[in-house]
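> Protein sequence lines correspond, in order, to chains A and B.
To convert, count from 1 in the first sequence and add 621; that's the numbering used here.
To convert, count from 1 in the second sequence and add 10; that's the numbering used here.
Treat the hints as calculated values from the structure; they're not laboratory data.
Note that the structure is predicted; figures quoted are calculated from it, not measured.
Careful, some of the hints might be misleading.
Claimed, not checked - Only part of the chain A face toward chain B is listed, based on derived beta-carbon distances under 8 Å:
| # | residue |
| --- | --- |
| 1 | 668 |
| 2 | 669 |
| 3 | 685 |
| 4 | 686 |
| 5 | 911 |
| 6 | 913 |
| 7 | 940 |
We treat Cβ as the ideally placed atom computed from N, Cα and C, and that holds for glycine.
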Amino acid sequence: MSTSQEESMENSEVSLQDIETEGLSQSQIVRKRFVRHRGAMVSIVFLIIIIGTVFTALESRIFGIRIPGWWKYTIEDLPELKLGVCNDGLVGCPTFSVVPSFLGGDGIHLGEHPFGQDDIGRDYLALVMRGAQRSLMVTFVIGAMSGVIGTVIGAISGFYRGIIDSVLMRFTDFIITVPTIIIGSVIGFHFGNLGVAFLAFYLGLFGWTGLSRLVRGEFLTLREREFVDAARVAGATNRRIIFKHILPNAVGIIIVSVTLLMSGAILLETALSYLGFGVVAPDVSLGSLISQYQESFTTRPWLFWYPGLFIISIALSINFIGDGLRDAFDPRQRRRITKKDRKNAKVARKALAHK
Amino acid sequence: MEGSRLLAFIMRRLGTLGVILFGSSFLLYNLAALSGDPLADLRISLDPRAKQQVISLTRELQLNIPPPIRYFLWLRGVLGLFVGNLDLGNTRTGESVGTAIASAVPTTVRLVFTASILAMVLGISIGIITALRQYSKFDYAMTFVSFLLFSLPIFWVAVLLKQFMAIEFNNWLSAPTISLKALTAIGVVLSLIVSSVAGATGKKNYTIFGSVFAGTVVTLWTLQKINWFLEPGLGPIFFFIACVGISYGVTQLSVGIANKTALKSSLSMAVVGLILYYPTRKAFTFDKQGLIVVAMAILTITLAVIAALIMAKIDKAAIVRTTVISAFFMGLVRLLDQLMYTWPRFISTDAINYRPVPTVGQANSLLEPGDYWISTLDLLMHLILPTIALTAISFAGYIRFARGTMLEVLNQDYIRTARAKGLSERTVIMRHAFRNTLIPLSTIIVVDFAGIIGGAIITERVFGWKGMGTLFNAAINSFDLNLLMGVFFLTGTLALTANLVADLLYSALDPRIRTGSGA
Numbered sequence: 622m623s624t625s626q627e628e629s630m631e632n633s634e635v636s637l638q639d640i641e642t643e644g645l646s647q648s649q650i651v652r653k654r655f656v657r658h659r660g661a662m663v664s665i666v667f668l669i670i671i672i673g674t675v676f677t678a679l680e681s682r683i684f685g686i687r688i689p690g691w692w693k694y695t696i697e698d699l700p701e702l703k704l705g706v707c708n709d710g711l712v713g714c715p716t717f718s719v720v721p722s723f724l725g726g727d728g729i730h731l732g733e734h735p736f737g738q739d740d741i742g743r744d745y746l747a748l749v750m751r752g753a754q755r756s757l758m759v760t761f762v763i764g765a766m767s768g769v770i771g772t773v774i775g776a777i778s779g780f781y782r783g784i785i786d787s788v789l790m791r792f793t794d795f796i797i798t799v800p801t802i803i804i805g806s807v808i809g810f811h812f813g814n815l816g817v818a819f820l821a822f823y824l825g826l827f828g829w830t831g832l833s834r835l836v837r838g839e840f841l842t843l844r845e846r847e848f849v850d851a852a853r854v855a856g857a858t859n860r861r862i863i864f865k866h867i868l869p870n871a872v873g874i875i876i877v878s879v880t881l882l883m884s885g886a887i888l889l890e891t892a893l894s895y896l897g898f899g900v901v902a903p904d905v906s907l908g909s910l911i912s913q914y915q916e917s918f919t920t921r922p923w924l925f926w927y928p929g930l931f932i933i934s935i936a937l938s939i940n941f942i943g944d945g946l947r948d949a950f951d952p953r954q955r956r957r958i959t960k961k962d963r964k965n966a967k968v969a970r971k972a973l974a975h976k
Numbered sequence: 011m012e013g014s015r016l017l018a019f020i021m022r023r024l025g026t027l028g029v030i031l032f033g034s035s036f037l038l039y040n041l042a043a044l045s046g047d048p049l050a051d052l053r054i055s056l057d058p059r060a061k062q063q064v065i066s067l068t069r070e071l072q073l074n075i076p077p078p079i080r081y082f083l084w085l086r087g088v089l090g091l092f093v094g095n096l097d098l099g100n101t102r103t104g105e106s107v108g109t110a111i112a113s114a115v116p117t118t119v120r121l122v123f124t125a126s127i128l129a130m131v132l133g134i135s136i137g138i139i140t141a142l143r144q145y146s147k148f149d150y151a152m153t154f155v156s157f158l159l160f161s162l163p164i165f166w167v168a169v170l171l172k173q174f175m176a177i178e179f180n181n182w183l184s185a186p187t188i189s190l191k192a193l194t195a196i197g198v199v200l201s202l203i204v205s206s207v208a209g210a211t212g213k214k215n216y217t218i219f220g221s222v223f224a225g226t227v228v229t230l231w232t233l234q235k236i237n238w239f240l241e242p243g244l245g246p247i248f249f250f251i252a253c254v255g256i257s258y259g260v261t262q263l264s265v266g267i268a269n270k271t272a273l274k275s276s277l278s279m280a281v282v283g284l285i286l287y288y289p290t291r292k293a294f295t296f297d298k299q300g301l302i303v304v305a306m307a308i309l310t311i312t313l314a315v316i317a318a319l320i321m322a323k324i325d326k327a328a329i330v331r332t333t334v335i336s337a338f339f340m341g342l343v344r345l346l347d348q349l350m351y352t353w354p355r356f357i358s359t360d361a362i363n364y365r366p367v368p369t370v371g372q373a374n375s376l377l378e379p380g381d382y383w384i385s386t387l388d389l390l391m392h393l394i395l396p397t398i399a400l401t402a403i404s405f406a407g408y409i410r411f412a413r414g415t416m417l418e419v420l421n422q423d424y425i426r427t428a429r430a431k432g433l434s435e436r437t438v439i440m441r442h443a444f445r446n447t448l449i450p451l452s453t454i455i456v457v458d459f460a461g462i463i464g465g466a467i468i469t470e471r472v473f474g475w476k477g478m479g480t481l482f483n484a485a486i487n488s489f490d491l492n493l494l495m496g497v498f499f500l501t502g503t504l505a506l507t508a509n510l511v512a513d514l515l516y517s518a519l520d521p522r523i524r525t526g527s528g529a
């Protein structure tokens, strides 16, 4: 890259920063940056669609009120295994088709069992929907609990330092020592039958360690800054300093690591269910579905593909949202160079050359 | 002064380490003990001997003592460590936990070691390249790939690998021909990667793309024509070409191609390699192959040091280093060639029968023992799938971390100073930026290495290896408290020690960090 080009890029950076500082609050800047991150925006729409679809698919009960789902089967239904619909003598293959008829396909339709049927005839779409509900729920519970516990412990030990810090950090070390998958397995094995919410709760109790260290580090630096001194001189209480002055400055790092923690959580849940220590039958999760049907990959691959695709789509979108948030919150972040910037840079370079 | 402070720091940390281990083991012991009854299946059993078994197991495992107190009996055995008499108790089947773990650790290490090394090397190099080519197509592609790998459940990948890398590959190997479509696809993908890494623009970009594409297609086509996939090998000529390539590459990265002495010294090793090509092939047929390989390695390194010392007049250390690194890689290529040479013999054995990539297990028991090269190949073949799966999963983290660190380092003032002094880009990157990137990376690597001992539970299960993960699984499923605690004791101690080592390493590598401040 030639120096003049670099220079002009530098210039466009500066002008951009000017725009950003011009009468915009911190949260507005963050929002603007986030909206500009294409991957994150696509992912957030995608994730919302997935969540919406998954949670309305099956009938559910909230406070005893029965809410019907949009899908006709439930995971308890046992429809007949359809013979002769599929090629190669397979039974219960997926019936949905996305190739329109004018392109030589079967037309766009869902059919009786869009994701096929499992070995005893249960509708696989219903199973995958239930599995995804379970996995999403575990993910969000772990994310929320770890986020709260990690923030509180990290904030307290970073703000008060000294003996409180030592005790809390040694406690964190103590939780870190127990590998997550071991504690998860012990918990899942013994409490898995108490239901998925309980499992998620317990896993959340052990997932906060990394976050608390990050938050502590952030608090340790922020508490030495001038604005904290100013607040203290003005007579602010510790409580006020923590919540009104330091926490808003640390919120970026917290949000980002909670999203990353959630994408890890969905993998942890599926891994535990795969090992048989997570969600147990008759309930299903995406991990337990894969574990149950991995042997049938050669004969009935759809039983293996769909839960996997759901895990990947959910985790991938959460990761991209996390990346977008990190870019949005990072003050040192330089904006990605768009085509327009390149064009501007070219114009500027030419102008420089003519000078 | 400094030394005594460091010692005090280490002692303090070791003290807290002990306390933490005590606390977490106490927690885990009681959690595990109170949450299930190890005799449950025996109590409901209708077998007349079950009652007897309940009594004997209760006595052996001291189940009549309440768990919090039983914990201290277990702890007494562990503390025997300090008088040279570690006792982790017995498993339910009466085997010593220590023995069970001692036999499982090598398996796990074998499984995870290569994958970790590969993940680190690949991840760090790709991470650094993406940082150097920030916001390029390659950078975007790698960001996407690393997020994708982050999101993959390993057991899912494993099933796909078994299907496509083992079963389908073995099928393909029965008639190894590459269709025109596949040939084009491979060529396009490879040349896209290379051209985006090279980061050239305009005409040069198309030239790189075209030449890589043509090269790949022609090479693959020729390889398939000469039936290379069934009878692979480099032969002396290609071995020599590879060695020359290594010499240039290592010299460029290590001291810069302008250093003619280093280049000559490395090239001399390539010539030595060529001369010794046939003698080594003969040597590789003798008995006691393991010893011979080790001896060859030592010989190669010694030769490299001697060659470098003869040629170098000034700056000896750098030249010796370059030559030794080159010689090391040349040795690896030589071993690879020898393995390729053994390949036809390997796949035609009855136990393999032209299906070389296995889907499960850690060794082929049908294979006749004795031939070093064949059993090495067998071992490697069993390692391939788990290694790919583990590498794919863990190297994404390294890419992201190395990229982030490198970008941070590149923004530092000392990098600008180095550029302002007029140093070459290679020196700036390799000597100023890369080395500083390694400081935070080294601490992560240490912690990861400790984690690998207990970290492959799912992989072991999917690929049917019998290591620590299997032990742990068995321990949970059969309520085997002593076994569970044994596994935990090892992994927990390793994790904490690694954290301590990482902290010490950090302060040793980065003088800005002082061990005394904070704990």
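> Take the hints in turn and mark each one as holding or not.
A quick look at each hint next to the structure:
Interface restraint check: residue 668(A) against chain B, minimum CB-CB distance 12 Å, threshold 8 Å, status violated. Residue-level restraint check for residue 669(A) is violated (minimum Cβ-Cβ distance to chain B is 18 Å; threshold 8 Å). Among the interface hints, the one on residue 685(A) is violated; its C-beta lies about 32 Å from the nearest C-beta in chain B, farther than the 8 Å criterion. This hint is violated: residue 686(A) has a C-beta 35 Å from the nearest C-beta of chain B, more than the 8 Å allowed.
Because the beta carbon of residue 911(A) sits about 6 Å from the nearest beta carbon in chain B, less than 8 Å, this interface hint is met. The criterion of a C-beta within 8 Å of any C-beta in chain B is not met by residue 913(A), whose closest approach is roughly 12 Å, and the hint is violated. Given hint, residue 940(A) at the interface with chain B, holds; its Cβ is 4 Å from that chain's nearest Cβ, closer than 8 Å.
Hints 1, 2, 3, 4 and 6 from the earlier list are contradicted by this structure; the remaining hints agree with it.
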